[in-house]
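In case it helps, my numbering puts the sequence shown at residues 4 to 163.
Keep in mind that the hints were calculated from the coordinates and are not lab data.
Don't be surprised by glycine CBs; every beta carbon is placed ideally from N, CA and C.
Don't take every hint at face value.
[To be verified] The calculated label-pair distances, taken between Cβ atoms and stated as ranges, are:
hint: 1; residue 1: Tyr43; residue 2: Asp80; range: 26 to 32 angstroms
hint: 2; residue 1: Ile99; residue 2: Thr52; range: 23 to 29 angstroms
hint: 3; residue 1: Met118; residue 2: Thr35; range: 28 to 34 angstroms
hint: 4; residue 1: Leu42; residue 2: Pro143; range: 17 to 23 angstroms
hint: 5; residue 1: Val83; residue 2: Gln40; range: 35 to 41 angstroms
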Amino acid sequence: MSRAIKHLLIGGLIIMTIAVPTASPANEFKLTIVNPQALYDPSPNGYSTAVIAPLGARIAYISGQGGQDSTGTLSPDFAVQVKQAYANLHAALEGIGARPDQVAKLTVFVVDHDMSKLEVLTRNVKDMFGEAPPAQTLVPVPKLAIDPMLFEVEATVILE
4 MSRAIKHLLI GGLIIMTIAV PTASPANEFK LTIVNPQALY DPSPNGYSTA VIAPLGARIA
64 YISGQGGQDS TGTLSPDFAV QVKQAYANLH AALEGIGARP DQVAKLTVFV VDHDMSKLEV
124 LTRNVKDMFG EAPPAQTLVP VPKLAIDPML FEVEATVILE
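Let's have the full structure, built from the sequences with the hints guiding it.
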């Protein structure tokens, strides 16, 4: 084997080794919240424009959590369903060994959305995520999987 090829192979192996992502130590894990000054600041409304995951993190997806309690009962009240859905999301996070500060993105589905529902949504997001809310998309829908269901939240979670 020629000397040039040996150097290319060794150099390639070094580059490939350097390029392999490694997870950050647990105490360094942090999502980076980005709200560019050129855009409207969404944080008072309980969401962020963008979230950057640390290099090497794994991604988990939590399916839509509705407002059913542990017996499957749904309250007819929108605010009660939203509160229960976020409690269910928190339980799902615990089930995969994650915390709320590891949620990068939420997608919420609201039946017959109107502006009066935003305060309920914002309050629940702030209660769960504090001053560093994840990116979020609200999708108004005419109905969800079960007729009495008024709200559903799904999450993209960055694992350490």
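How the hints compare with the structure:
1. Tyr43 <-> Asp80: 26 to 32 angstroms: holds, 31 angstroms
2. Ile99 <-> Thr52: 23 to 29 angstroms: Taking Cβ atoms as reference, Ile99 and Thr52 lie about 26 angstroms apart, which means the hint holds.
3. Met118 <-> Thr35: 28 to 34 angstroms: holds, 30 angstroms
4. Leu42 <-> Pro143: 17 to 23 angstroms: Holds: the Cβ-Cβ distance is about 22 angstroms, inside 17 to 23 angstroms.
5. Val83 <-> Gln40: 35 to 41 angstroms: holds, 38 angstroms
Of the numbered hints listed earlier, not one is contradicted by the structure.
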